[in-house]
Amino acid sequence: MKSTSKSSKTVLDPRTKMLLAVTIASVLIGGGSGGIMNIIRPALVLVPLLLFCISGKWKSAAIYAAAYLCAFAGELFLVPVTTGFMNFMIVACCGMFARFMPGIAMGSYLVNTTTVSEFMAAMERMHLPQKLSIPLSVMFRFFPTVGEEYGAIGDAMRMRGIRFGGGKPGKMLEYRMVPLMVSCVKIGEELSASALTRGLGAPIHRTNICKIGIRPYDLAAMLLCVVSIIFLLIDKFSVI
Amino acid sequence: MINLKDIQFFYTGASEASGLKQINLHIKRGETVLLCGESGCGKTTLTRLINGLIPHFYEGTLTGEVMICGKRISDTPLYDLAKTVGSVFQNPRSQFFNVDTTSELAFGCENLGMNEEEVLSRIDRTAEALSLNPLLGRSIFELSGGEKQKIACGSVGTLGPDIIVLDEPTSNLDILGINDLKSIISKWKIQGKTILIAEHRLYFMQGLADRVLYMKNGEIREEYTGVQFYEKPSSFFRERGLRISALAKLGKKKVCPVPEQKVLTVENLEFSYSKAKKLIDIPRVELPEAGIIAIIGHNGAGKTTFVRSLCGLLKKDKSILKYNESTLKARKRLDSCYMVMQDVNHQLFTESVLDEVLLSMKKEDRENAEKILDSLELLAFKDHHPMALSGGQKQRVAVAQALASGRDIIVFDEPTSGLDLRHMEKVAECIRQLRQQGKTVFIVTHDPELILSCCTHILHIKKGRAEGSYLLNEAGKKRMMDFFCL
Chain X
1 MKSTSKSSKT VLDPRTKMLL AVTIASVLIG GGSGGIMNII RPALVLVPLL LFCISGKWKS
61 AAIYAAAYLC AFAGELFLVP VTTGFMNFMI VACCGMFARF MPGIAMGSYL VNTTTVSEFM
121 AAMERMHLPQ KLSIPLSVMF RFFPTVGEEY GAIGDAMRMR GIRFGGGKPG KMLEYRMVPL
181 MVSCVKIGEE LSASALTRGL GAPIHRTNIC KIGIRPYDLA AMLLCVVSII FLLIDKFSVI
Chain D
1 MINLKDIQFF YTGASEASGL KQINLHIKRG ETVLLCGESG CGKTTLTRLI NGLIPHFYEG
61 TLTGEVMICG KRISDTPLYD LAKTVGSVFQ NPRSQFFNVD TTSELAFGCE NLGMNEEEVL
121 SRIDRTAEAL SLNPLLGRSI FELSGGEKQK IACGSVGTLG PDIIVLDEPT SNLDILGIND
181 LKSIISKWKI QGKTILIAEH RLYFMQGLAD RVLYMKNGEI REEYTGVQFY EKPSSFFRER
241 GLRISALAKL GKKKVCPVPE QKVLTVENLE FSYSKAKKLI DIPRVELPEA GIIAIIGHNG
301 AGKTTFVRSL CGLLKKDKSI LKYNESTLKA RKRLDSCYMV MQDVNHQLFT ESVLDEVLLS
361 MKKEDRENAE KILDSLELLA FKDHHPMALS GGQKQRVAVA QALASGRDII VFDEPTSGLD
421 LRHMEKVAEC IRQLRQQGKT VFIVTHDPEL ILSCCTHILH IKKGRAEGSY LLNEAGKKRM
481 MDFFCL
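Protein sequence lines, in the order shown, are assigned to chains X and D. Going by this note's numbering, the first sequence opens with residue 1, and the numbers climb by one from there. Going by this note's numbering, the second sequence opens with residue 1, and the numbers climb by one from there.
Bear in mind the hints are in silico, worked out from the structure with no lab data behind them. Errors might be hidden in some of the hints.
What the hints assert, rightly or not - Each computed BS3-like pair below joins lysine-lysine, with the alpha-carbon atoms no more than 25 Å apart:
1. D/254 <-> D/426
2. D/277 <-> X/59
3. D/315 <-> X/57
4. D/426 <-> D/253
5. X/59 <-> D/278
For clarity, every value in this text was computed on a predicted model and none was experimentally measured.
Please model the complete structure; the sequences and the hints are all you need to start from.
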């Protein structure tokens with residue numbers, strides 16, 4: 001979650017980022033291969049990498065590139081030379097990974113480079129009703145908090161000697177989730193109370209001091225999205 | 001300004017004891033009113049009546065009438081009240097809607113649809129008035145508790161409400177944070193705001209509170225002017241279960257120094273996130289084994305890093321702990337130290353109190369587990385769900401976990417934040433018992449009253465270094481009080 005409002009290196013409008021995330025996820029997961037898709041897929045895969053680089057997140061960029069290359073190489077070289085169960089496992093792992101990874105990377109870019117305030121402004125501009133925009137922004141606000149709580153609970157588990165290989169893998173999840181849920185509910189309640197006393201949910205047009213807007217880069221990115229989606233649809237419905 | 005008539009309130013699904021009975025209260029414009037009383041006396045509930053969270057957010061049965069500036073609260077939606085009543089809450093972590101400070105200051109104004117110039121000029125004015133300029137444009141995750149609470153005050157201030165309600169705002173603050181909050185409250189008082197504050201810490205409101213209300217069992221039992229209240233003798237506060245009214249009074253409290261024989265040493269403790277700045281740098285410090293060691297210092301000094309290292313929770317930690325003729329590296333310490341966390345909910349995993357204790361044992365031993373629970377007055381609750389217990393009971397369940405797992409070193413992280421006198425003394429008693437069982441106890445705390453109730457030794461951490469490590473005798477007490485009184 002981006003949390004400072006200093007002039008940032010992000011170039012895209014939150015709406016563009018959301019559209020990109022949706023497009024990348026749906027085209028890569030839902031789309032086939034062959035034909036024009038051989039151009040669109042790599043283009044979309046490169047988008048998160050490019051964005052990470054532009055905003056100076058070199059570490060994320062490197063991790064993403066390495067992980068994707070591994071999955072891709074696995075699919076390319078290991079699949080033809082293995083058989084049976086191994087083959088199945090490699091196809092499943094690498095295939096899934098190569099398809100899901102770019103969408104996840106784009107999602108993390110979205111969350112990491114957008115402030116809550118920008119996110120709310122973007123939804124306001126899209127004329128989403130408050131019934132939808134408020135819960136969504138609360139959810140958006142919640143990611144880093146859940147992360148913090150998760151870390152604290154992890155400490156508690158390590159201290160009690162509940163570690164991987166400690167015998168009860170099924171219980172691990174329960175021990176992690178129960179306190180996490182309890183504290184998230186509590187924080188959520190306090191957060192709502194504090195926001196409501198400051199007028200959230202007033203039935204008037206909400207203003208916003210952060211500046212968002214569609215610029216040339218956004219148009220280019222949106223064009224890429226639209227083209228990809230059109231080809232995805234053609235790919236799905238025309239060739240039956 | 002504020003008028004409460006024949007109020008009676010009970011939360012839905014809660015026992016009648018937790019509600020309010022027979023509240024009649026009139027607060028004049030510009031008055032500063034302090035609400036005090038033991039935990040569960042109804043202070044927080046009363047503040048919620050005034051900021052409208054009751055009946056609009058928390059459900060329950062309400063009779064009587066609350067009028068604020070001529071408006072009936074039950075007929076006024078929360079967003080209309082936002083301009084009149086501002087609220088600052090207890091937990092600085094959970095009252096920010098945004099994660100950057102400037103947006104947070106703008107938040108209330110944006111919700112009410114003010115235009116951009118108006119919002120920006122209000123932020124400027126508020127930041128100027130409350131000296132928030134150095135905090136603008138920052139991430140809230142980088143701020144200390146005190147700084148967060150200042151931003152919380154600021155985001156209330158931008159809306160310019162006439163009434164400000166604060167619900168235990170100092171619970172999570174250190175001495176610097178409390179001083180900052182005090183100066184904000186006095187600025188508001190000068191601006192003529194009407195202020196209602198519910199608090200356990202009373203000393204910092206001396207000279208600010210015009211009127212003090214003492215509550216018990218959901219009723220306003222006693223009423224004093226600020227001057228009368230702060231002139232009362234210590235026994236007055238003790239009888240009512242209230243915290244000390246002036247830090248200076250703590251000076252009279254006796255300390256009984258204990259001879260320190262065996263020592264425990266921490267060596268080679270060094271930790272940083274980046275190369276530039278070391279979070280903590282303690283080459284060697286000697287502490288008494290089987291003592292109760294208070295770790296004091298300002299927020300961000302490295303207290304938490306110190307105890308996390310002690311418990312083996314820090315990554316890439318090269319430090320060494322020597323005690324009882326054994327030398328422990330970080331990883332080993334996971335099995336010999338135990339921390340009772342500030343938010344104890346993080347360490348309760350199971351469905352019953354007894355299960356919590358059994359889970360911590362290397363070999364499940366029901367009899368011993370029950371013995372441990374008995375020693376902590378928890379046996380009657382052994383089949384209860386840990387999450388259904390009160391805060392103090394949860395804390396003792398965590399202590400029971402530590403005892404069951406046979407740890408020698410037990411760390412408490414801020415065990416008394418937001419506790420009244422009676423609960424604080426219970427914690428102190430529990431800690432003293434641990435020492436009698438031969439445990440070494442570390443307490444990270446901002447609470448001098450707790451320190452004088454049970455500690456034997458002080459470790460003062462300043463900017464990542466061990467500034468002082470001294471026995472809590474008369475001289476030590478003076479040195480400690482100098483830190484807390486600044």
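Going down the list of hints, with the structure as the test:
1. Between the alpha carbons of residue 254 of chain D and residue 426 of chain D the distance comes to roughly 18 Å, so the proposed pair stays at or under 25 Å and holds.
2. Proximity of residue 277 of chain D to residue 59 of chain X is assessed by CA-CA distance (about 21 Å); at most 25 Å being required, the pair is judged to hold.
3. Between residue 315 of chain D and residue 57 of chain X, the direct Cα distance comes to roughly 23 Å. Compliance with the 25 Å bound is thereby established for this hinted pair.
4. Of the pairs offered as hints, the one joining residue 426 of chain D and residue 253 of chain D holds, with about 17 Å between alpha carbons and a cut-off of 25 Å not exceeded.
5. Distance check on the hinted pair: residue 59 of chain X and residue 278 of chain D sit about 23 Å apart at the alpha-carbon level, within 25 Å; holds.
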